[in-house]
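**Student:** Each protein sequence line maps, in turn, to chains A and B.
Residue 199 in my numbering sits at position 199 of the first sequence, and the numbers go up by one each step.
Residue 332 in my numbering sits at position 332 of the second sequence, and the numbers go up by one each step.
Treat the hints with care, since some could be wrong.
As the list claims (entries may be wrong) - Sample of chain B residues facing chain A (criterion: CB under 7 Å; computed from the structure): (1) Pro59; (2) Leu135; (3) Val218; (4) Phe279; (5) Asn282; (6) Ala311.
If you are wondering where the hints come from, they were derived from the structure by calculation, not from laboratory data.
Remember, it's a predicted structure, so these values are computed and weren't measured experimentally.
Glycine residues also receive a C-beta, built at the ideal position from the N, C-alpha and C atoms.
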Amino acid sequence: MSDDTVKPTTDPTRADTRLDGVDLERISLYAILCGLIAFYLSPLWSGLTTAFKTQSAFVRTSPLAPPMPEGFTLEPWELAFATMQGGLLNSVTFVLPATVLSATLGSLAAYGLTKLSWRGQVAILVLFLAGVFLPYQSVLVPLRQFWSAVDVAGLLSFAPFLANRADLIELTITHTAYGVPICTILFRSYYLAMDDAMIEAAKLDGASPFTIYRRIVLPLSAPMFAVALIYQFTQVWNDLLFALVLVTSRSNYVVTQSLNVLQGSMVQEYNIQMAGAFIAALPTIVVYVVFGRQFAKGITGAS
Amino acid sequence: MGPDIAAALARLRRQRRPPEQQARTDGGLDEGSAKAPVSPVSKLWYSDAVQAIPFWLPPALLMGWFVYGAVGWNLLISLTDWSGLGQPEYTSLSLEMYRELPGDRSFRAAFRNTVILLVAFTGVSLAIGLVLAILVDRDIRFENTFRTIYLLPMALSFVVTAIFWSWMYNPTTGTINVVLRGIGLDVLASDWIGNPRTRLWAIIFALTWQFSGYAMVVYLAGLRAIPDEHYEAAKVDGASTLRMYWRVIIPQLSAATVSAVVVLMVFALKAFDFIFVMFGDNPGRSADILAVMMFRVAFSRAQWAYGAAVATVLFVMALAIVAPYLYVQYRRGAL
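Same shape as in the complex, but just chain A:
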């Protein structure tokens, strides 16, 4: 918000050009920007129109044309939702804990690595930072070995409800572990910039590091929690690779898996595929539209 209101006044050179009446440069600038909008939205737009068309309509009409009354249908959405509702529910149940856990652990780790001063922090930090860039392929085989050695279902056999969801519990822990590095980096840069005065005062009053964290650092961390939670939510919700490797029973399929299955089984029904894609993308689109700023902060946090 602030950028938009401040900039024009601080930038007289660019304001000048606006006085020239018909300004070709400005007009072509907006034309290019709008052309780019059309480009960036075209895959979503053609997907959206197709999702509301009948099979015969989307074959005959342009994918850019909106659905006409005679070719309009809601059936693709119903069919896609019926196939994917189990996956949606599974995703919600495991994405939320994984998101909250990695953000919390990241915040704790960052606090230990910034607000309490000791040597060797940078070495530990580099280990976290390198973890952000890890290509997940290089851990997949051990990951499968590890989770087949740890019998989560057996350990939880006293609670059949949880034992049936063992795949999702494994997925939660895995995503939490791989989310810790980026969350730590995000919180660390935030804590480095945080004013030390209150913490120093609390220390003098004899507050323990944990009290300082809970009473001072944690409440001040709310904006960064928003960034980390939104980043992690998007990452975990959108992931397919870990689910492919860890989730074997069909009843535990997550939303990206069920969308992949839908796509594979409805090869020619593009309208159902598109409806399914929108259903799977809806939570992240909503989060993105509402928290665009936090999302942008999160994705640039690693650099």
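Assemble the complex: chain A is given as a structure, and chain B must be docked to it using the hints.
**Tutor:** Relative to chain A, chain B alone:
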């Protein structure tokens, strides 16, 4: 840097004080030492180094096991000859799997495609991102809306974007060919993802669509950090807009470029989900990349050790990209 040192000194001074003025800890070791002279043990106990351990160690252990433990385990598995059902034999280790790689034509193809993807995707995304950032930075109205839309694809799953682009590239009714025919370029319309010669480029194009917004955000932050005087000075010198950006502004974006390059390259190494959803685990030699090959070899064919060797190659590539970056950041004191 200055205030940091002052704060550190202040902290150091405080640490030398006896523990009764120090933080009360939960479950302190030595209650009695409050009145006694400071023993080395209690000094250590109350030091920030020890007090910090409960905060960073548990997350570090979790992350360390899953990241570094798993990378090491993967290396170990790649030295065995494990395949099929059963468990790996860790008794006889050899570099056999790595010796097989150079002679494997599908590995060579996947390696070549990975490098092409890495370079072309990163280069094009940066260029488009820079153009977007400059356009958005020209004091436009509805700047937020423009920025939000250009960045939107990044919020979508690869599974979703792969489905959208399969439809975009559909040879008969896909948007790309419909538009090409619409503007009279019928000759260009083709089966973009069916034809092995265009397949990899079609993937790169779609991935660029998804990630150029990221480069825009990074460059936008870089542009906003450049003082307005630099723009004004160039204007006063009578430089054209194009010249101003080329000679004055873009050279100041090198730090933004470096970090965007690293992140984009790592994204490219991870582009598995997109290709897997579009083509399954075998996109053919023309579009196979190491990430997909690794998954196919290990999880579809159960050649675990060989898959682990391919995974190690991927890891080394990522390391080769990230290590110099981290080293430079460290030297600059940015960590």
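**Student:** Does each hint hold? Answer for all of them.
**Tutor:** Now for the hints, and whether the structure bears them out:
The interface hint given for B/Pro59 is met, as the beta carbon of that residue sits about 4 Å from the closest beta carbon of chain A, less than 7 Å. For B/Leu135, the shortest C-beta to C-beta distance to chain A is roughly 6 Å, which falls under 7 Å, so the interface hint holds. The closest approach between the C-beta of B/Val218 and any C-beta of chain A is roughly 6 Å, which is under the 7 Å cut-off, so the hint is satisfied. Evaluation of the B/Phe279 hint against chain A yields a violated restraint, the C-beta minimum of about 11 Å exceeding 7 Å.
Look at B/Asn282: its Cβ only gets to about 14 Å from chain A, farther than 7 Å, so that hint breaks. Given hint, B/Ala311 at the interface with chain A, holds; its Cβ is 4 Å from that chain's nearest Cβ, closer than 7 Å.
When held up to the earlier numbered hints, the structure conflicts with 4, 5 and fits the remainder.
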